[in-house]
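Assemble chain B onto chain A, guided by the hints.
Protein chains in written order, with numbering that gives the first Met the number 0: chain A, 0 to 578; chain B, 0 to 137.
Honestly, the hints are just simulated from the structure, not real lab data.
Note that the structure is a prediction, hence the values are computed from the model and not measured.
A portion of the hints provided could be inaccurate.
[What the hints assert, rightly or not] Below, a list of computed lysine-lysine pairs in the DSS-like style, where the Cα atoms sit at most 30 angstroms apart:
(1) Lys573(A) x Lys128(B)
(2) Lys64(B) x Lys499(A)
(3) Lys3(A) x Lys64(B)
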Amino acid sequence: MTEKRRLGAFICHCGGNISDFVDVAAVRDAAGREDDVVVARDFMFACSDGAQAEMSELIRSEKLDGIIVASCSPKLHLNTFRGMSGRAGLNPYTYNQVNIREQCSWVHRHDTPAATAKATRLVRGGLARSRFSRPLTDLRVETVPAVLVIGAGVAGIRAALALADMGIAVYVVEREATVGGNVATWGKLFPHDRPGSEIVATLLDDLNKHPNISLFTNAELTAKSGSVGNFTVQVQLRSETISLHVGAIIVATGLEPYTPRPGEYGYGTPGVITLHEYKQLVDEATGPLTYQGKRVKTVAYIYCVGSRQGSDPDLEEPNLFCSRYCCSAACHSASLASTADPDLDQIHLYRDMRTYGRHEVLFEEAGRKGSVFMKFAGENPPTVESSDDQLTVKLRDDLAGGEQAEIPADLVVLVAGMVPRERAKLQEILRLPLSKGGFFNEIHVKLRPVETVVDGVFIAGASQGPKTVAEAVASALAAVSKSAALLLKGYIDLPPLVAKVDASKCTLCDNCFGACPYEGAITRQEVDGRQVAAISPNICKGCGGCVPVCPNEAIGVDGVTGTQVTAAIDAMMKDRVHA
Amino acid sequence: MTSAVPPRGVQVDDPKILVFSTQNISDPGIDLAGSAHMPYSTAVNVISLPCSSGIHPRWIVRAIKAGFDGVFIAADGSDCAFLADCTDKTASLVKDAQGMLKESGEDPRRIRMGAICSVCAEPFVNNLKQFGDLLKQL
Numbered sequence: 000m001t002e003k004r005r006l007g008a009f010i011c012h013c014g015g016n017i018s019d020f021v022d023v024a025a026v027r028d029a030a031g032r033e034d035d036v037v038v039a040r041d042f043m044f045a046c047s048d049g050a051q052a053e054m055s056e057l058i059r060s061e062k063l064d065g066i067i068v069a070s071c072s073p074k075l076h077l078n079t080f081r082g083m084s085g086r087a088g089l090n091p092y093t094y095n096q097v098n099i100r101e102q103c104s105w106v107h108r109h110d111t112p113a114a115t116a117k118a119t120r121l122v123r124g125g126l127a128r129s130r131f132s133r134p135l136t137d138l139r140v141e142t143v144p145a146v147l148v149i150g151a152g153v154a155g156i157r158a159a160l161a162l163a164d165m166g167i168a169v170y171v172v173e174r175e176a177t178v179g180g181n182v183a184t185w186g187k188l189f190p191h192d193r194p195g196s197e198i199v200a201t202l203l204d205d206l207n208k209h210p211n212i213s214l215f216t217n218a219e220l221t222a223k224s225g226s227v228g229n230f231t232v233q234v235q236l237r238s239e240t241i242s243l244h245v246g247a248i249i250v251a252t253g254l255e256p257y258t259p260r261p262g263e264y265g266y267g268t269p270g271v272i273t274l275h276e277y278k279q280l281v282d283e284a285t286g287p288l289t290y291q292g293k294r295v296k297t298v299a300y301i302y303c304v305g306s307r308q309g310s311d312p313d314l315e316e317p318n319l320f321c322s323r324y325c326c327s328a329a330c331h332s333a334s335l336a337s338t339a340d341p342d343l344d345q346i347h348l349y350r351d352m353r354t355y356g357r358h359e360v361l362f363e364e365a366g367r368k369g370s371v372f373m374k375f376a377g378e379n380p381p382t383v384e385s386s387d388d389q390l391t392v393k394l395r396d397d398l399a400g401g402e403q404a405e406i407p408a409d410l411v412v413l414v415a416g417m418v419p420r421e422r423a424k425l426q427e428i429l430r431l432p433l434s435k436g437g438f439f440n441e442i443h444v445k446l447r448p449v450e451t452v453v454d455g456v457f458i459a460g461a462s463q464g465p466k467t468v469a470e471a472v473a474s475a476l477a478a479v480s481k482s483a484a485l486l487l488k489g490y491i492d493l494p495p496l497v498a499k500v501d502a503s504k505c506t507l508c509d510n511c512f513g514a515c516p517y518e519g520a521i522t523r524q525e526v527d528g529r530q531v532a533a534i535s536p537n538i539c540k541g542c543g544g545c546v547p548v549c550p551n552e553a554i555g556v557d558g559v560t561g562t563q564v565t566a567a568i569d570a571m572m573k574d575r576v577h578a
Numbered sequence: 000m001t002s003a004v005p006p007r008g009v010q011v012d013d014p015k016i017l018v019f020s021t022q023n024i025s026d027p028g029i030d031l032a033g034s035a036h037m038p039y040s041t042a043v044n045v046i047s048l049p050c051s052s053g054i055h056p057r058w059i060v061r062a063i064k065a066g067f068d069g070v071f072i073a074a075d076g077s078d079c080a081f082l083a084d085c086t087d088k089t090a091s092l093v094k095d096a097q098g099m100l101k102e103s104g105e106d107p108r109r110i111r112m113g114a115i116c117s118v119c120a121e122p123f124v125n126n127l128k129q130f131g132d133l134l135k136q137l
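One chain only, chain A, in its complex shape (with noise of 0.2 angstroms):
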């Protein structure tokens, strides 16, 4: 006989994202009939402060003891709702979160009733682990305070700057021998036409005078242990390995531009060439522009090159991501080329215009210094020829009715956008998951845009996915928010959820000490006059690889005893529903 339970069961809408495909209002009236649930809400976001300060209200009011909350991935959430069982009085422990988005209403999106019924099982399921609860206490370990910053680009190199004038102690790991990433190598640089070059080496110049920052070029990241707040990671140099103990890990590992394929719009054809390319016969230009030691007198440039493909039925991967920097990056250079020769005739073929927010001043002022404009459709793009040393780009020009256009060139500029530089070592090493677009994916793109889903791990700059210089920066200045806020303190409150061993059926037949990879986690201790074995909860990771090896089942790891393991196992079967 199990004691008695107030339980609370809290379902989300999600917006819609879980009530588009769920019955939200049967799975709460069904968790309602649950043993010892006495009460049981949905709300359109939980998330939210409203429906926090309600459930909060209520934890109060009716006295819980443990509640679930049915919502997104506990990667998401999970700390979300433990603070608020926390702020209301209640254990953060007796609390457990229920994945009826990820792993329910984003896969089953073609069947509202089986999509309910599987819901509503794992809601059942979430409610027999919270029965079996109790409440716990964190456990507080040390952190390391230093990071290990990955990529030595503008985004790496400022992180390291801002953490190391927090007192915190900076490797920064570079895969190259020279730093500074894509920016060094272009010129002027919006809004202040100050070059990039100049700008990384200012910020090198700082780098090297700071007492806590070390860098490391020509060194990769080749192995790493350990867990957050305490990683040990392997840094391959030229001609040796070392070993660096770090609390958190940015990764700032940047962006290659795009290169057209062999004949793509041209490209391999002499005059036409990438806005990468472009961008330095500008910034070289101290008048009219020349290429190839003829001056050229017409420019033209084809947007969204390499970006933007899904409408390139040729292509088994394409980039179906806009790379945000090109419509800017290509409006600042033919400005800049209007500079240095008013007379030069620039065409712009675009498909959308997306020089937004402070950037729409580059398309304004480069319609004042004469470029001209023609759009043209995804489905349609322009095609470029080459005949007797002359270039001429041909398309339907969607702002003229769709009249077709012949432009001859001197110079077809690609604005080329970004892809993610090589990282399939980096990725197996650190294990973190990629988006679509193949760059490192955040928890989540508004509410945890730096985190990772392994804890202490962060993502910076264009290594998440294309960025301008000034996003790229504040995200990686984001990424120092979290690792500071994580290192500052000295240490780390971690969940309790580590093994313990029922001395009443401990036999002390010496299985579990052969099981556990963590020297000194499990001891003998005695107990009424009996020789016993017990766990350390400051040496125990919680891994459970003690729990199956005893054959007394005396081990449980908290959260996921035995007990509350075959719990939600019934209780998800407890009516047999076949979905």
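This is chain B only, laid out in the frame that chain A set:
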């Protein structure tokens, strides 16, 4: 609400499968299948644990006895942050559970193990599809 049209490959009589997943490794992989809207059977239900080496064989057998048609262990494999020999230990307990199931007169093929990493959305869906097909034949 959307119309109740099952996607291709998801049938209403799919075998009931319990998945034991792991919080840091296979859970993110399974979540990723959700984020990518990759459909699998609604009869697949997940219980998440810290590490696949911590699953008691009796829980697996209990699940079959309780009414699940099969149990899939979404193992940490070589990615396990806890144990270097996680795969071996998980395989050992799966073997024990299969032995227990066989002794009770059930087909041990109702228990399957596969390594599901934190980005293994597609392998997860494929594994469950294959396992479901096998269970239909038992």
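Right, here's what the structure says about each hint:
no.: 1; hint: Lys573(A) x Lys128(B); in the structure: holds, 25 angstroms
no.: 2; hint: Lys64(B) x Lys499(A); in the structure: holds, 27 angstroms
no.: 3; hint: Lys3(A) x Lys64(B); in the structure: holds, 27 angstroms
Comparing the model with each earlier hint shows no violations; every hint is respected.
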